[in-house]
Every structure is written in structure tokens, then in C-alpha cells.
Amino acid sequence: KAGVTQTPRYLIKTRGQQVTLSCSPISGHRSVSWYQQTPGQGLQFLFEYFSETQRNKGNFPGRFSGRQFSNSRSEMNVSTLELGDSALYLCASSLVGPTTETEAFFGQGTRLTVV
Amino acid sequence: AQTVTQSQPEMSVQEAETVTLSCTYDTSESDYYLFWYKQPPSRQMILVIRQEAYKQQNATENRFSVNFQKAAKSFSLKISDSQLGDAAMYFCAYRGPTGANSKLTFGKGITLSVRP
Chain R
39 KAGVTQTPRY LIKTRGQQVT LSCSPISGHR SVSWYQQTPG QGLQFLFEYF SETQRNKGNF
99 PGRFSGRQFS NSRSEMNVST LELGDSALYL CASSLVGPTT ETEAFFGQGT RLTVV
Chain E
2 AQTVTQSQPE MSVQEAETVT LSCTYDTSES DYYLFWYKQP PSRQMILVIR QEAYKQQNAT
62 ENRFSVNFQK AAKSFSLKIS DSQLGDAAMY FCAYRGPTGA NSKLTFGKGI TLSVRP
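As you go down the protein sequences, you meet chains R and E in turn. Under our numbering, the letters of the first sequence match residues 39 to 153, in that order. Under our numbering, the letters of the second sequence match residues 2 to 117, in that order.
It is worth saying that the hints were derived from the structure and are not from the lab. As the structure is a computational prediction, the values presented were derived from the model and not from experiment.
Rough simulated footprint, nothing fancy, chain E against chain R, three-plus residues with beta-carbon under 8 angstroms:
1) 88-100
2) 117-130
Straight line, CA to CA, 25 angstroms or less: simulated SDA-like cross-link-like pairs of lysine to any residue:
3) R/Lys95 x R/Ser60
4) E/Lys109 x R/Glu120
5) E/Lys109 x R/Leu126
6) E/Lys74 x R/Gln82
7) E/Lys56 x R/Thr140
8) E/Lys109 x R/Val152
9) E/Lys74 x E/Thr28
10) R/Lys95 x E/Thr28
11) E/Lys79 x E/Ala60
12) E/Lys109 x R/Gly96
13) E/Lys56 x E/Thr6
14) E/Lys109 x R/Gln75
15) R/Lys51 x E/Arg44
16) E/Lys109 x R/Thr76
17) E/Lys71 x E/Thr25
18) E/Lys79 x R/Phe143
Take a look, some chain R residues computed to stay more than 12 angstroms from chain E by CB distance:
19) Thr45
20) Pro46
21) Ile50
22) Thr52
23) Val57
24) Thr58
25) Ser103
26) Arg105
27) Asn109
28) Val152
29) Val153
For every residue, glycine included, the Cβ atom is placed at its ideal position computed from N, Cα and C.
Please model the complete structure; the sequences and the hints are all you need to start from.
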């Protein structure tokens, strides 16, 4: 069974540009969450999508947005990039049922560098 | 809001010895989940162990075990017979009740080094 796949693995962008990151969850997993990891702030929750709906959102500016498709794949978009957006972006998926939920399985991350 | 605190930024252990990583958390929920994740230099987050708050028995996975003290809101990880491959960053994480959302709240992490 394939794990969580994030593309691309590495990105270098210029300030002011926008970027789109992609995440393919484990087959059957309908919950996809995104996290930003930086040395200073650690791991911070961005948002979670479940069945194409945003179920929860962290404290990030509106420049950060996401969406989920009917096949549960998710994309995250950051517009008007700032130097401070340089980070490792991690995607995680989990299997959610009526009364149960598995732990989150993470992808290898996308390393974004803004110059 | 839930918070997770890992107060030790770094720890070191001799190979084959035992080490305990500390974690405390704060929540007003009675039903929740706690996790320890390992992040090696490859940056892949790997689940080490999981504990359901409603279970009184401490979780164990091979050389890894937890000491879950619900009243004290403490969740420490014990690694027995430490191996060189255990060297990594370890994160304690909290998740709320099933069905609410899948958001994980992480501690700052602790860097564990293993001396040969």
C-alpha cells in the first residue's frame, strides 16, 4: 500500500510569487491535514480537509489556502510568498470512520525556500 | 486551547541504555489521543506509539513504552536498549476526540542523540 506522497520534494521560489503543493493520501484516507515546520515555530497546523470540506483551520493568514478533490488528493497554495514562508510543509492523512480514526500518516514533506 | 510542552530540547543516551523523554499537555477534554512521533534526518515523521486517554493501560511497542498519567497530564516515552537508529527528533502530539477534527498539536520536540 503506497504511503502519503507529496510533490514536489523541493521548491525554490522568489518573494511575491505563488506556489502550489500537492499531497496524495493513503488510499481510502479521506482526512488530509497540512503542517508547517520551521526551526523557530516548530510544527504548526495549517488546515484539515475531510471529504472535500475544510474541517479545521489554523492561525495562518489568508495567503495560505487549500482544497481537496473528490479522490481525496489535496493541494495547498501560498500566494504572495514572503521570506518567512520558507519551511518544510508536511501533509498527513488518516482514515476516519463513524467512531474510529487512525493515527496520522505523514508524507516526506516539501521543502520550500523563498529567496 | 490545547498545549503540549516538551521542556527538554536535547537528550543523550548511551547505546543499549534506557532513556525517558518527558511531555506534558493541557486540555479540558476527557477523551483524546496522545502520540509520540520520530523525525529522523530524512524528515519523515514516523509514528512511534499511540495512547488513547480512556485506556488506563500504558501503551507498549517493542522497546518503546509510555508512562501515561492522565490526572497529571503527563505522557513520557521510555526507550529501552537504545540503538543508534533511535537518534532523531521526537515529538509529543495531542489529538482531540474522534469525530471532531484530526488536528495534531505538537510539542517543540526533543533531539535525542545516541552515543556508541
